[in-house]
Amino acid sequence: MSRGLTILFLLSGFCGAAGAQPLDLRQNHTVNYAIVEPGAGVSSDVEVRQTGKDNTTIAVENGAYNSLEVDQRGRDANYTHIEQFGLANNAVVIQQYDFRNKDNTNSGYIGETTPYGYLSEFNSGGVSILALTGAGNTLVSSFGRNH
Amino acid sequence: MRRGAAIYVAMAALGTLAAPQARSADLPGAAAAAAEKKGATDCTVYGAKFFALGDTGFCAKFGLDLMGFVAKDFAKQDIAMVGQRLPSASYGAGPPILYYYKKDFGEQTRNPYPGLDAQASFMAARQTDLGPLVAFVNLRLAGQVQNYGDETRYIANNSVDGSIFKGMFDQAWVRLGGLEAGIQPSMFGFARWGYTVTPGYSSLVDTPAVSYTYRIDDIPAKGEAATVSVAIEDPDRRDMADGALSEYGSVRWPDFVAQARFGGPSFLFHIAGAAHEIRDRAAADCCGASVGEAWGGAGTLASELHVKWSDVFGDAAAGMYGRLMIQGAVARGAIGYLGVPFFATDYVADADGAIHMSQGYSAIVSYEHLWTPTLKSSLTYSLFETSQTSGAALLSPGLPPLIPAVPMWFDVKVHGSELQAGIEDMVQPDLMIGFEASYTWTSAHGAYAGAAAAPLDVSFPAVAAYVRRVF
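These protein sequences, in sequence, are chains U and W.
Going by the working numbering, the first sequence opens with residue 1, and the numbers climb by one from there.
Going by the working numbering, the second sequence opens with residue 1001, and the numbers climb by one from there.
By construction, these hints were calculated from the structure, which means they are not laboratory data.
The reader is advised that the hints may include incorrect statements.
[As the list claims (entries may be wrong)] Quick list of in silico lysine-lysine cross-link-like pairs, DSS-like style, CA-CA up to 30 Å:
(1) W:K1049 with W:K1072
(2) U:K53 with W:K1103
(3) W:K1308 with W:K1222
(4) W:K1049 with W:K1076
(5) U:K53 with W:K1102
(6) W:K1072 with W:K1413
(7) W:K1308 with W:K1102
(8) W:K1222 with W:K1049
(9) U:K53 with W:K1413
Please build the complete structure, drawing on both the sequences and the hints.
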């Protein structure tokens, strides 16, 4: 009875928290880093899917309602570190050997604002680094040659 | 001053070249000595256009230099840098990271852009018991129309710290004997940054400073002289910080610069070094670290040679003259001394406050050929490299010994080169028209926690045409 209530509470919590589609983050480079740390008080619902050789996901969620799903398929290593400090927290981690991956070597950088904070994604060669940061921990600069 | 591709920046050099006597360390500087012999009010020894300033004993000269230009930048893409502080389960926030990527500039560079550079100068000089007393002011307004990339335009100008007024004082100094104070050309830079109007990769900065030059004229060889100079200079003019990886706090020391020159009628050698204080507050602001401190430095070697080609090839080259300049500079923690585009900050501050000084070099070779008394052409090749690194910081502490920690660090290098060619014709006395073309190559590559990222390469041409009138 007690367990059933807890599950019901969590589910209702997520429905009210995000109210939006989960943020779906995908990486398929040789080495993938996903660092998810929305700002304090920001409830979030994030899904990370990584395929490659070495996959790392580090998440610290401080919202009232936190949901994280990590699906890692690495040929050498899968690493996930999750800290959740909400009223309702949900984390699912799936880790398995990557037996069908084809690396993506597209290069580029994207910085954009999402409902859960600022998302920066750097893909270059075999490296992918993705960071989701909140208002309190987003510090980004841009520089280069003038045109 | 951060160096960009903006052509207006180059016009500062013209001010310096237009008034070579304004540089206390230039060699040979016979004017002052001659004036001393002939009498302070004989203004002809200072050069043409000098006139007596009443009966004050001063000789003075006004100068006006106007240049209008139109340029086209053909870059569709260029390498751009992004600095960021990554969140960390170990630090909360802080490990620095530097990305590079190809950024689209097609909209910004779609149209040719016009620009104007106007300079007005005044010099007054007289002899005193303590040596020549010289005052010099060069006011400069420069700007060019730029495109934000969304059809809106703005005028980029030569403001300093956002102030047009501060930027307008290109030079303003007073010299007594060898002591000079005010906004003056840095003792680090050579006489010019290539003979092309658009700048090569070389540092030429006017900065608030106090300098002293000791001149040695009694060298046995005829016409040769040497100078040794020391200066304290404004450190802010050369700061290369982005606000994320690095942020200068209040510095305690000026930049210390030393220079030595040795020259004669047909040559000039130059060696200079600088020390630049780093006091970082980026790590303190982001991560609660203590203020990081370090000293960066830079050094340069340069030379210029003048050739009268008829001395080499005989009458077939009558009337042809040439001059060649070669310069190289290295820097560590003081990238602003290289005169290169802003692809690297002076340093990277780790989350714990540790300072990792960036390193780099720049080099330039430039030749100018005078075909006739009114027609000249120039060719300049310059190159640079910068290297930025961070220390290893833990994104996650792991759970040793079962689960390893997750460190992150970066090592990013950018190198580039530029070939510039120009031709200028003096169609009337003091009226010049010129055309320049350049081609730029730049590449970047990096590694993250030891994993190699992909190299990026870009290249693009640019052209510029200008009209210059000197009064």
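Kindly indicate which numbered hints from before are broken by the structure, ordering the numbers from low to high. As far as the earlier hints go, 1, 4 and 7 are violated by this structure, in ascending order.
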